[in-house]
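Can you build the whole structure from these sequences, using the hints too?
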Amino acid sequence: MQISAWPSILYRLAGLALVAGISAGAARAAPADAVPARVFQHAQGEAVIEQIPRRVAVLDLGVLDILQAIGAEAAVAGVPGLEEKYWPEHLKRFNVSAYAPVGDLFEPDMEALKRLKPDLIIVGSRTAGKLEALGAIAPTLDMTVEDAAFMPSVTHNILTLGRILDRERQAGAVAEKLLGQVRRLRGKAAKAGSGLLLFGFGDSLSVQYPQTRFGVVYELLGLPPSVSAAEAPPPYIPRRASGPGPAPGSPEARAAEARMAAEMKKWAEEEAQRIDGVLQREPDWLLVIDRSAAFGERTDAGAILAANGTVTRSKAWQARRVVHLDGRDWYLAAGGPAMLEKTLDQFARALASRNP
Numbered sequence: 001m002q003i004s005a006w007p008s009i010l011y012r013l014a015g016l017a018l019v020a021g022i023s024a025g026a027a028r029a030a031p032a033d034a035v036p037a038r039v040f041q042h043a044q045g046e047a048v049i050e051q052i053p054r055r056v057a058v059l060d061l062g063v064l065d066i067l068q069a070i071g072a073e074a075a076v077a078g079v080p081g082l083e084e085k086y087w088p089e090h091l092k093r094f095n096v097s098a099y100a101p102v103g104d105l106f107e108p109d110m111e112a113l114k115r116l117k118p119d120l121i122i123v124g125s126r127t128a129g130k131l132e133a134l135g136a137i138a139p140t141l142d143m144t145v146e147d148a149a150f151m152p153s154v155t156h157n158i159l160t161l162g163r164i165l166d167r168e169r170q171a172g173a174v175a176e177k178l179l180g181q182v183r184r185l186r187g188k189a190a191k192a193g194s195g196l197l198l199f200g201f202g203d204s205l206s207v208q209y210p211q212t213r214f215g216v217v218y219e220l221l222g223l224p225p226s227v228s229a230a231e232a233p234p235p236y237i238p239r240r241a242s243g244p245g246p247a248p249g250s251p252e253a254r255a256a257e258a259r260m261a262a263e264m265k266k267w268a269e270e271e272a273q274r275i276d277g278v279l280q281r282e283p284d285w286l287l288v289i290d291r292s293a294a295f296g297e298r299t300d301a302g303a304i305l306a307a308n309g310t311v312t313r314s315k316a317w318q319a320r321r322v323v324h325l326d327g328r329d330w331y332l333a334a335g336g337p338a339m340l341e342k343t344l345d346q347f348a349r350a351l352a353s354r355n356p
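First residue of the sequence shown? That's 1 in my numbering, and the numbers climb one at a time after it.
It is worth saying that the hints were derived from the structure and are not from the lab.
Note that the structure is predicted; figures quoted are calculated from it, not measured.
There could be a bad hint or two in this list.
[To be verified] With a straight-line Cα cutoff of 20 Å, these simulated SDA-like cross-link-like pairs (lysine to any residue) come out: (1) K85 - F106; (2) K191 - P224; (3) K177 - A348; (4) K266 - D276; (5) K114 - G135; (6) K117 - L131; (7) K92 - E341; (8) K130 - D104; (9) K114 - A136; (10) K92 - A72; (11) K177 - Q346; (12) K342 - A173; (13) K130 - G81; (14) K117 - R55; (15) K265 - I275; (16) K265 - D276; (17) K92 - G81.
Have a look at this one:
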């Protein structure tokens, strides 16, 4: 689907959901256990849900954002067990003892889930591979968003969870509000020149391409990218030996560490060359997501950018058209309406203050 086509399509979809929610509200009198079995589509197929869930275990922060937005927090019984510093500000209400920890963002705690006895489990990209095992405990949905159709995927998740949890009207309103904000910004962003998204981690930077995990920012904002999806290099995946690893501190372990360090150095050098080449196109805006900021190691990647001569020579840097997006939101909790609206507001303010 072309990016230019999806806003009007999804507006109609959200409108239909809103009307359906209003119509259904008057007829809701039956208890939850009397609701007929329903089939819902998700990222890995479909799931049959035989009642309106009252005890939901959630292993994805973006999904928690959606449930909070549609007013379904009361159905949440289990959440990822994270340290306080890793919780995004808008989701800290879930970091309390009222919600059982049921694993982390990567690995579900199967025993904790069995004790919780949820009637629905929801996973995202990091835990999607555990769907089959989790399905033995309770019906399980994969709400992973699609890189190639980000906003349609986000909207589908909002509306689907609204239907599942008896919050159709609220979900329709949330989707409509979010898409309205997107549509208003797109008209302005289309006239703002081009943009380049950089990802910071440690002392390194990398270019982010459209239709990738972070490159969905271009679609969200409606900012024409200065790079194309076709230019994206193969992802860097460290080579790991199969079977048990070498003993820590052994010659084999030190050799493996040296090999990985050499691979990382080579990749970083190649990425620096790519950044040099892309910045020669003089994008009008630089957008930045920083992994180190996601874990509280620094506020943003400003110092890394300032140390890069190619970046500081660019017209975008010199015109102060640099926008640091919330690293914790994008690295740990992408896909929820609150964090997306925050990003939309931030870029709208940047456009208003420094038009190219």
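Going down the list of hints, with the structure as the test:
no. : hint        : verdict
1   : K85 - F106  : 17 Å, holds
2   : K191 - P224 : 9 Å, holds
3   : K177 - A348 : 16 Å, holds
4   : K266 - D276 : 16 Å, holds
5   : K114 - G135 : 11 Å, holds
6   : K117 - L131 : 16 Å, holds
7   : K92 - E341  : 17 Å, holds
8   : K130 - D104 : 12 Å, holds
9   : K114 - A136 : 10 Å, holds
10  : K92 - A72   : 16 Å, holds
11  : K177 - Q346 : 16 Å, holds
12  : K342 - A173 : 17 Å, holds
13  : K130 - G81  : 17 Å, holds
14  : K117 - R55  : 8 Å, holds
15  : K265 - I275 : 15 Å, holds
16  : K265 - D276 : 17 Å, holds
17  : K92 - G81   : 12 Å, holds
Of the numbered hints listed earlier, not one is contradicted by the structure.
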